[in-house]
Amino acid sequence: MTSSPARPRTGAVSTVSVASAPCPVVVLDADGHVAELNAVAGTLLPTARVGRPLPSPTWLAAADRTRPVPVTGTVGDRSFSAHPSVAADGRTVWWLMEETAYRSASAELEAERARTRFLTEASSALLASLNLERCMEVTARLATEHLADAALVIAPTAARTLPVVACDQRGELTRSTVSEAPDSVPGLAEALRGFPPVPSRWIDPATAPDWLIPAGFGEVGSLVITPLPGLGVPAGALILLRRAQQDAFSEAEESLAGLFAARAGAAMSAARLYAEQNSISDTLMRELLPPTLRQTEGVEFAGGYRASKDTERVGGDFYDVHPPGEDSPETLVVLGDVAGKGLEAAVLTGKIRNTLHALLPMADDHAKMLRLVNNAMRTSHHTRFATLVVASVRREEREVALRLTSAGHPAPLIIRRDGTVEEADTGGTLIGVLPAITSRTARVRLAPGETCLLFTDGVTEARGGPLGDTMFGDQRLKRAAAECAGMPAEAVVERVQMVTSQWIGDGRHDDIAVLAITAPRGAHLSAVDGATRGRYTA
Amino acid sequence: MTARIADIDDGPGRHGVGARLCVPHDDAASAPWADKLWAAVRTGDEYAAVDVVTDALAAGLEPESVLLDVIGAVQHKVGLEWAANRMSVADEHAATAINDRIIAVLSARRPANSRGRITVACVDQEWHALPARLVSETLRLRGWRVDYLGAQVPTAHLISHIHRTGPDAVCLSSSLPTRLPLAHSAITAVQAAGTPVMAGGLAFGADGRYARLLGADAWAPDARAAADRLAAGSLTRPVPAHQAIDDLPHLGDQEYTLVARSSTRLVRDTFQRLEQHIPAMRDYGDEQRERTAEDIAHIVNFLTAALYVDSDEIFTGFLTWTAEVLTARRVPARSLLPCLDLLEEQLHDFPRARRLLDAGRTALASRP
Chain A
28 MTSSPARPRT GAVSTVSVAS APCPVVVLDA DGHVAELNAV AGTLLPTARV
78 GRPLPSPTWL AAADRTRPVP VTGTVGDRSF SAHPSVAADG RTVWWLMEET
128 AYRSASAELE AERARTRFLT EASSALLASL NLERCMEVTA RLATEHLADA
178 ALVIAPTAAR TLPVVACDQR GELTRSTVSE APDSVPGLAE ALRGFPPVPS
228 RWIDPATAPD WLIPAGFGEV GSLVITPLPG LGVPAGALIL LRRAQQDAFS
278 EAEESLAGLF AARAGAAMSA ARLYAEQNSI SDTLMRELLP PTLRQTEGVE
328 FAGGYRASKD TERVGGDFYD VHPPGEDSPE TLVVLGDVAG KGLEAAVLTG
378 KIRNTLHALL PMADDHAKML RLVNNAMRTS HHTRFATLVV ASVRREEREV
428 ALRLTSAGHP APLIIRRDGT VEEADTGGTL IGVLPAITSR TARVRLAPGE
478 TCLLFTDGVT EARGGPLGDT MFGDQRLKRA AAECAGMPAE AVVERVQMVT
528 SQWIGDGRHD DIAVLAITAP RGAHLSAVDG ATRGRYTA
Chain B
28 MTARIADIDD GPGRHGVGAR LCVPHDDAAS APWADKLWAA VRTGDEYAAV
78 DVVTDALAAG LEPESVLLDV IGAVQHKVGL EWAANRMSVA DEHAATAIND
128 RIIAVLSARR PANSRGRITV ACVDQEWHAL PARLVSETLR LRGWRVDYLG
178 AQVPTAHLIS HIHRTGPDAV CLSSSLPTRL PLAHSAITAV QAAGTPVMAG
228 GLAFGADGRY ARLLGADAWA PDARAAADRL AAGSLTRPVP AHQAIDDLPH
278 LGDQEYTLVA RSSTRLVRDT FQRLEQHIPA MRDYGDEQRE RTAEDIAHIV
328 NFLTAALYVD SDEIFTGFLT WTAEVLTARR VPARSLLPCL DLLEEQLHDF
378 PRARRLLDAG RTALASRP
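Heads up: the sequence lines are chains A and B, in that order. Counting along the first sequence from 1, when you hit position 133 you're at 160 in my numbering, and nothing is skipped either side. Counting along the second sequence from 1, when you hit position 265 you're at 292 in my numbering, and nothing is skipped either side.
Isolated chain A (complex conformation) (with noise of 0.2 Å):
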């Protein structure tokens, strides 16, 4: 005999035997009765008989013989898949391999991963909004869809009602205040407490009162509290709802509500915070942002405002209108700007602008009132500086009287009828620097569709045009305003503060205030409210 390691081993005859196989081995003929079976299949298949047909499992009995293929199924709670090779005679060899193991491993990395692509989203959607009611909104949506049939999102509070979102189970929601006390439900109060911690609370469903279960919801299985831990402060609490037919909640899924109800406490507590950082910022703020403007005694006020940084609603410039008093018969308009930016600027321009507003009866003289105010201002702490404008008005007949007068501040420019843009004569020191300071008032008529444009160096110290990096300048902004002739006061401000925008493009801009006062062009006395006609001098 020769041999040679070249020899193709194709065609050798196999001398494994089913009975020396190490997994269960089911021999078939080709009518479905059991030819031959090995030891491990007698022991997992013990219904099994040489000669008879195949009793169970079913998935193999009735796998086809003529072109078999793989199956797979289970026998006990074991799982197996069967892979066939085909015999002499017909007979279908089947090979059982255990896939238990597998089976539960891949049946826990599906379920694993769902947990995670769910904590995963509910983190982003939580995250995505600051404002309490979207948080429990989303809290309660998130609940439904992965632990529940319905969920109920319970806010603390310190009023008598409990803020209350719902996603019922159709997922719809509903925002509501109930008016009753969290003791009603075993469990709610301590939730709501926030401390000392307390663990997830069953309650027996019967218990539960009416407000609770969302209308339609059929039997409740099993009810849930579940306190929502908050950053240092309370949260709120989660309810839970399954529908009597569903299983209860697993271990598995008590502790996924637990990490889900971390992430929403974390998200609702710090919408919470925002919040009441943002009521606080805006209580302070109120005082500091420009007023609205409107027609005052048959004279059109007209301001618009923007702060330095786009971020920012208040800065260094500021403006007011005070209509007239018991002790000024005008109206007193100011404008001005303090030196520096930002927050720390503005609560200057409140310091000044309450400084002024006590001093109104002093309007009638414009150097007397800013001789005060420039006293007042030397002896605080600060040690900015000003510069403002004050004007009082006065409607005579059609025309508006005015007088001016400028602390260091740039001239207001006089816009007439014919497109004529002059400068207000008046000058004077800037407030907040010298022990004495000097003014000169100019007296001004506006005749119908004038206007007087007070402005800040914002305006005319913008940088940028076409070319960039070019100053605004007095010059431009004498053309733009020499375009406003006739116009109303809404539309002189607007449009100069559109060309100003647009001259500094994306550039940087300091603080920009811009008032128009305009004698209307139709003499009107009744006040538009929209109910009746108007009626006319003119």
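No lab work stands behind these hints, which were simulated from the structure alone. As the structure is a computational prediction, the values presented were derived from the model and not from experiment. Don't take each hint at face value.
[Claimed, not checked] Facing chain A, a subset of chain B residues (Cβ under 8 Å, in silico): (1) T123; (2) R191; (3) G193; (4) A324.
[What the hints assert, rightly or not] To list a few chain A residues with every Cβ distance to chain B over 12 Å, as calculated: (5) P49; (6) A128; (7) S227; (8) A235; (9) L286; (10) E353; (11) K378; (12) F412; (13) A463; (14) R472; (15) G534; (16) R548.
Cβ atoms here follow ideal geometry from the backbone N, Cα and C, with glycine treated the same way.
Since the structure of chain A is provided, determine the placement of chain B on it from the hints.
Positioned in the frame of chain A, the structure of chain B alone reads:
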């Protein structure tokens, strides 16, 4: 180029091109009132204008029709008249101010808030507030609670407002295509705050193509359509995780970034070359020279906007419209061509920009 196309940016004309501020709904009933209001607005008579609105309401015209078919129609006409050089910029501002004031007359007619809450805002640097105002008032008349933030809202303000109020949706308005890059960042930011965005206004194209391109959740051609869409059901909440570049993969070539960054230098160089090219320019006064520079700046602005969304139409639409405006002001439109040539010389390394400039030339050449 000797004429000012500078008003293009601030003029109302863009309202008039190709699309509508709003489509008149019931012409027969509203047209006579629109004519009366036009007459009042044209003469700058605010009180007569208020009376037209009060009378129209008293005569039984629906407030929404007064708002859109009377006031909206007049504002639309303002744009057309300006483009045809029959109205000055001042007239336009005065007319818009009057329209804005008389809208307040309708506010007394608002029903109680029964629906959700909507925020309406103009994109940063967008000054045309009236279309957004019309949307706000229409929604109010239909029972929504509306926060109207007005013209040119910095995105940071818009987002902080959303966190404070938690609106059901944001309606974002923009008239000029040059604001599209800013509009895109506003849309993405609002969506990242978990709030859906409806875009509207001419900047987004007559068919809303740029609203879709920039990933807006909805688009409406006019105020009525916006209100109808919101009434039809809430907009789907956007998926938060989203990068702006995902919408516009072509930005990967950096052409927009580079051209936008160097736009001031581009304008300056083009201006200098143009001076060498057209000897008559040396006799220009300062103001005239500045106008010319502004014109070049407009062309560059539209070119960069077109690069951002990668659309020839934005650039050619601007050029043909400008040509019309120039013709109405008796300035030959062929003055635009040398400018395109000079830009192409400087942008020869940018294939997309060159394609846009070519398309611009073709569009100008094919004008009658």
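Verification of the hints:
For T123 (chain B), the shortest C-beta to C-beta distance to chain A is roughly 7 Å, which falls under 8 Å, so the interface hint holds. The beta carbon of R191 (chain B) comes within 6 Å of a beta carbon in chain A, closer than 8 Å, and the hint placing it at the interface holds. Contact between G193 (chain B) and chain A, as hinted, is supported at the beta carbon level, the nearest pair being about 4 Å apart and thus within 8 Å. Checking A324 (chain B) against chain A by beta carbon gives a least distance of about 4 Å; that is within 8 Å, so the hint holds.
At the 12 Å boundary, the C-beta of P49 (chain A) stays outside the reach of chain B, the nearest C-beta of that chain being 49 Å off. Every CB of chain B is more than 12 Å from the CB of A128 (chain A) (nearest about 36 Å), matching its label as outside the interface. Here S227 (chain A) stays apart from chain B, with its beta-carbon at least about 27 Å from theirs, past the 12 Å limit. Even its closest Cβ contact with chain B, about 29 Å, leaves A235 (chain A) beyond 12 Å, as expected for a residue assigned away from the interface.
Listed as outside the interface, L286 (chain A) is consistent with that label: its C-beta sits roughly 19 Å from the nearest C-beta of chain B, beyond the 12 Å cut-off. Every CB of chain B lies more than 12 Å from the CB of E353 (chain A), the least distance being 30 Å, so the non-interface label holds. The beta carbon of K378 (chain A) sits about 26 Å from the closest Cβ of chain B, which is more than 12 Å, so the claim that it is off the interface holds. Separation of F412 (chain A) from chain B is adequate, the least Cβ-Cβ distance of about 29 Å exceeding the 12 Å criterion.
Listed as a non-interface residue, A463 (chain A) keeps its Cβ farther than 12 Å from every Cβ of chain B; the least gap is roughly 42 Å. With a cut of 12 Å on Cβ distances, R472 (chain A) stays outside the contact zone with chain B, its closest approach being about 21 Å. At roughly 9 Å, the least C-beta separation between G534 (chain A) and chain B is not larger than 12 Å, which violates its mark as non-interface. The claim that R548 (chain A) lies off the interface is violated: its Cβ sits roughly 6 Å from the closest Cβ of chain B, which falls inside the 12 Å cut-off.
The structure shown violates the earlier hints numbered 15 and 16.
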